[in-house]
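2 protein chains.
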Amino acid sequence: MHYKLCFIGFGNVARSLARLLERKRGSLKSTYDITYSVTGIATGRHGFAVNPDGIDVGQALEKVESGNSIAPLSTFQVADSLAVIQHSQANVMFENSPVNYETGQPAIDHVRVALNLGMHAITANKGTVVHAYQELTALAKSKNKKFRFESTVLGGSPVFSTFREAMPLAELTSFKGIINATTNLILSRMEDGESFDDAVKYCQSIGIAETDPSGDVDGWDAAIKVSALATVLMDASRPLKPQDVERKGIREITPEMVKQAKAEKKRWKLVASAERVGSQIKGRVSPELVDSSSPLYGMMGSSSGLTFSTDVLPNYSVIVSERAGMKGGPEETAYGLFADFVNAVK
Amino acid sequence: MHYKLCFIGFGNVARSLARLLERKRGSLKSTYDITYSVTGIATGRHGFAVNPDGIDVGQALEKVESGNSIAPLSTFQVADSLAVIQHSQANVMFENSPVNYETGQPAIDHVRVALNLGMHAITANKGTVVHAYQELTALAKSKNKKFRFESTVLGGSPVFSTFREAMPLAELTSFKGIINATTNLILSRMEDGESFDDAVKYCQSIGIAETDPSGDVDGWDAAIKVSALATVLMDASRPLKPQDVERKGIREITPEMVKQAKAEKKRWKLVASAERVGSQIKGRVSPELVDSSSPLYGMMGSSSGLTFSTDVLPNYSVIVSERAGMKGGPEETAYGLFADFVNAVK
Chain X
27 MHYKLCFIGF GNVARSLARL LERKRGSLKS TYDITYSVTG IATGRHGFAV
77 NPDGIDVGQA LEKVESGNSI APLSTFQVAD SLAVIQHSQA NVMFENSPVN
127 YETGQPAIDH VRVALNLGMH AITANKGTVV HAYQELTALA KSKNKKFRFE
177 STVLGGSPVF STFREAMPLA ELTSFKGIIN ATTNLILSRM EDGESFDDAV
227 KYCQSIGIAE TDPSGDVDGW DAAIKVSALA TVLMDASRPL KPQDVERKGI
277 REITPEMVKQ AKAEKKRWKL VASAERVGSQ IKGRVSPELV DSSSPLYGMM
327 GSSSGLTFST DVLPNYSVIV SERAGMKGGP EETAYGLFAD FVNAVK
Chain W
27 MHYKLCFIGF GNVARSLARL LERKRGSLKS TYDITYSVTG IATGRHGFAV
77 NPDGIDVGQA LEKVESGNSI APLSTFQVAD SLAVIQHSQA NVMFENSPVN
127 YETGQPAIDH VRVALNLGMH AITANKGTVV HAYQELTALA KSKNKKFRFE
177 STVLGGSPVF STFREAMPLA ELTSFKGIIN ATTNLILSRM EDGESFDDAV
227 KYCQSIGIAE TDPSGDVDGW DAAIKVSALA TVLMDASRPL KPQDVERKGI
277 REITPEMVKQ AKAEKKRWKL VASAERVGSQ IKGRVSPELV DSSSPLYGMM
327 GSSSGLTFST DVLPNYSVIV SERAGMKGGP EETAYGLFAD FVNAVK
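Residue numbers (our numbering), protein chains in the order written: chain X, 27 to 372; chain W, 27 to 372.
Just so you know, the hints here were simulated from the structure itself, not pulled from any lab data.
Since the list gives no way to pick one copy over another, a pair counts as held whenever it fits inside one copy or between any two copies.
DMTMM-like mimics (lysine to aspartate or glutamate), calculated; alpha carbons at most 20 Å apart, straight line: (1) K167 - D59; (2) K372 - E191; (3) K167 - D135; (4) K55 - E191; (5) K291 - E217; (6) K292 - D317; (7) K292 - E278.
Excised from the complex, chain X in its bound form:
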């Protein structure tokens, strides 16, 4: 089966996905009989391209990475993302536009349009999940297509798909863990004696923190992930909104506090959690002091992880950790999109 793909957003993650698809071309064909071509690309600053006969992806990567426009690769005159979706004749849309925490737009519109055109919609954009999970899931179902978003938490590692495919009828009662890698890396570097500001700068230098780091350090990113997890895995009928998650960031954690904790063989961690309390779901993001008896104690650097409590498996934890020389990054997030694609069409 041949699939035409379009990429809405062509930043680090989407370009890693393009390379991963190319690297896995042989095994996609041999294992699943899947072939593909890329028929549409929308970038933020390097133009738009549509060619239903297939865009040369190598050329598109080269143009974007050398700062040039991809418009010369287009056989259509297209001027925005929606036009790319509409004219690409794609079967699958990968949505990787920048996250808008308040409204989820324009990503939600991209997903709506793609699903309405009969495409599977796969996104790494948390905004679509926290602001429109129910609507987009219902729309996908009505079109017999998939709306998938594995990459939105734990950087591409299976969480949503594990619950969906591997843990049938497990009732999630609570979860707790570290889900913002940037703040975890900042706290780890502070433990090694670096200042908060220098640690933030380091995170910016390796591309895991934004120019404005407040989304990470004030706990917004973690709160939004709590919201997404609780909505999808605990109670989709009453979505937990990011602003309803009790939230405190790491700005108040001073070097003295980190030093004191270290002296006591403890560590400050930005802990995210949610639990059922009566008929409600309570979400929380807050710094906590943990000792070596906590599974969070050993999660250092850009590692992240969650412990899930269910009625059938009391404590099931997933941890995504650093390996020397391979920091969590766009390649892993890209794999989440790749896995969503294969699972949507296989």
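Mind docking chain W on chain X? Use the hints.
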């Protein structure tokens, strides 16, 4: 869709499964439109029962747990497990006979017969995987049925199904972790000052160690799990046999060594691993001294867990840990069988 089930082996795990199925009867129907009846039960010491119209499971549980035979519940004269499979008219067989590490029998025959009769075959029996994975998988495929064994490692938590369903085309290059809960609990109790013998007795008293504890303490159970994981997830064409796994147990770990490690903020753990070395897969089970920088350091008591290194996700860990008052046990293993059932038929 209605499924007839037969239970071959009706020990702690199988009886937990029978109770779990009953507890989930409503959600099986409402979520998946699955209904079921139990039409065959073979026990080790309490007889055999077949009734294609459905056995009263509550009565069967009561009889076995009060030490009586289930034969009066039978509408057929059946005298062995194979006869139960043959006459049950079941669609799904749950195989939970005792493990035979050397040959995998009679479990392998049970699976063969069930698959040949057109049943899905679901087992918690490691022997079937390490001794006949290729044959049984091929047989299942030829019958368009499933051979599933999620419960064989990490006590019912998703591992095989995560790789199969959630991590398409991920290439596993190595794994490492703690996969024998009994030895981990023994080492944890020794750290608290208990003797090896008393720790073994405790494990026997809570039902997680056998009368002859050598399968656990000499590393055989861990070696067999390494073999199963490597065979299924790394290279099914060349199964790694349990006897080919380099193996050392925990008998040489003295109280003095445990005390010394504790003084240095370290811990002895029975570590199981496998990795590709050239064209081979090397498996290993051996005590290792770990410090708090290791993800294994925090796994205490009957916890177990594995870190998987793949080409797409460098370090993906799954940990199954104790929760106060809920030790890992037959309920969790039973969930693995339950999940296999739902995933086989849904």
